[in-house]
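Engineer: Sequence:
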Amino acid sequence: ISENTAASLEAVQAAVVQATAVAKRIEAGELQDGGLLEPKGTVLESRKRRQRLATQVVLWVVPLLCSVWFAAAVFFPPGAQDRVPALLWTPGATVWINGTVTCCPKPSLCSEGWAQLWLLIIARLSAFAMYPSLVLVFFSKCHATLRFLSRTFVAELLPLALFHGTHTFHGLVFASLALLHTVVHIVRWALRDEIIPYLGRWAGMSGAIGTTLMVAVTGSMLLPRLQRRPRVGRLAALGRAPFEIRFNVHYLFLPLIVVLCIHASRLMVA
Numbered sequence: 001i002s003e004n005t006a007a008s009l010e011a012v013q014a015a016v017v018q019a020t021a022v023a024k025r026i027e028a029g030e031l032q033d034g035g036l037l038e039p040k041g042t043v044l045e046s047r048k049r050r051q052r053l054a055t056q057v058v059l060w061v062v063p064l065l066c067s068v069w070f071a072a073a074v075f076f077p078p079g080a081q082d083r084v085p086a087l088l089w090t091p092g093a094t095v096w097i098n099g100t101v102t103c104c105p106k107p108s109l110c111s112e113g114w115a116q117l118w119l120l121i122i123a124r125l126s127a128f129a130m131y132p133s134l135v136l137v138f139f140s141k142c143h144a145t146l147r148f149l150s151r152t153f154v155a156e157l158l159p160l161a162l163f164h165g166t167h168t169f170h171g172l173v174f175a176s177l178a179l180l181h182t183v184v185h186i187v188r189w190a191l192r193d194e195i196i197p198y199l200g201r202w203a204g205m206s207g208a209i210g211t212t213l214m215v216a217v218t219g220s221m222l223l224p225r226l227q228r229r230p231r232v233g234r235l236a237a238l239g240r241a242p243f244e245i246r247f248n249v250h251y252l253f254l255p256l257i258v259v260l261c262i263h264a265s266r267l268m269v270a
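Numbers 1 to 270, taken from the working numbering, label the letters of the sequence shown in order.
Don't read these hints as lab results, they were simulated from the structure.
The structure presented is a predicted model; accordingly, all values stated were derived computationally and were not measured.
Check each hint, because a few of them may be wrong.
As the list claims (entries may be wrong) - Using C-beta positions, here's what the derived DEER-type ranges look like:
id : residue 1 : residue 2 : range
1  : D82       : A208      : 34 to 44 Å
2  : L254      : A54       : 27 to 37 Å
3  : W89       : T212      : 27 to 37 Å
4  : L222      : E45       : 27 to 37 Å
Claimed, not checked - Heads up, simulated DMTMM-like pairs for lysine to aspartate or glutamate below, C-alpha to C-alpha not over 20 Å straight-line:
id : residue 1 : residue 2
5  : K106      : E194
6  : K141      : E244
7  : K106      : D193
8  : K141      : E156
9  : K48       : E156
The beta carbon of each residue, even a glycine, is placed where N, CA and C say it ideally should be.
Go ahead and model the full structure; you've got the sequences and the hints to work with.
Structural biologist: Okay, structure coming up:
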């Protein structure tokens with residue numbers, strides 16, 4: 001046998017040994033059965049994990065902390081902002097009146113006693129915690145902007161192709177915080193015997209309308225998941241509604257935006 005033939009046989013034998021070893025590793029779960037048979041710790045997967053982490057930290061966690069801290073400033077005593085203006089960005093409004101803790105930044109938020117104050121804290125912080133998720137919900141569906149960014153260095157930092165998952169996740173976060181915000185306010189108004197007066201005012205009316213629209217917008221896309229939960233009963237049947245109907249219901253986000261923009265009195269232009 002010539003030297004070239006012998007070398008070829010040795011190469012074939014080495015390839016067979018290597019292929020056998022790869023097949024065994026696939027069976028053991030050490031390799032993914034993909035096109036290139038890449039191990040789980042590949043550069044591409046490491047890049048995806050890095051991009052997801054950057055998305056969560058830069059686009060959500062940091063804005064979330066800043067937004068919540070901004071909202072929390074009203075729970076400091078008056079004059080606290082003057083002492084540390086770099087840390088407290090809004091005036092404090094929490095005082096002691098006749099031995100009772102009171103916070104009244106505006107009439108609709110007045111709270112007396114620890115029970116009402118803690119409810120106000122939850123309501124206010126949950127409201128401001130919505131803002132980063134609200135931004136991501138809409139930004140993740142700005143397809144023209146995402147297409148432009150995909151041609152820039154931003155595509156190396158953020159998983160733009162996976163932003164539908166971001167849209168779904170932050171839609172649920174936003175809806176959950178909105179429901180929590182609504183329920184806590186209603187409980188606080190009940191403690192103050194103010195449910196009827198405030199539900200008759202714009203803050204209460206817009207909140208009730210917004211919550212109803214929120215349930216419709218998020219529920220229209222979550223209904224199919226109810227089919228996996230037989231115990232839900234008749235609601236599971238709604239998940240079989242045609243996609244076109246559920247997608248059209250999802251367009252109720254348009255009036256929801258309007259309601260959100262004029263829900264707070266500080267956002268209304270006289």
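Engineer: Each of the hints needs a verdict: does it hold here or not?
Structural biologist: How the hints compare with the structure:
Range check, D82 to A208: Cβ separation about 38 Å, and the 34 to 44 Å hint holds. Range check, L254 to A54: Cβ separation about 31 Å, and the 27 to 37 Å hint holds. For the pair W89 and T212, the supplied restraint of 27 to 37 Å holds, since their beta-carbon distance comes to about 33 Å. A hinted range of 27 to 37 Å for the beta carbons of L222 and E45 is consistent with their spacing of about 29 Å.
Restraint check for K106 and E194: the C-alpha separation of about 14 Å stays at or below 20 Å, so the hint holds. With a C-alpha separation of about 18 Å, the suggested pairing of K141 with E244 holds against the 20 Å cut-off. For a cut-off of 20 Å, the pair hint linking K106 to D193 stands: about 17 Å separates their Cα positions. In summary, the hint linking K141 to E156 is supported, as the alpha carbons are separated by about 19 Å, within the 20 Å threshold.
A hinted pair counts as satisfied when its Cα atoms are at most 20 Å apart, and K48 with E156 qualifies at roughly 9 Å.
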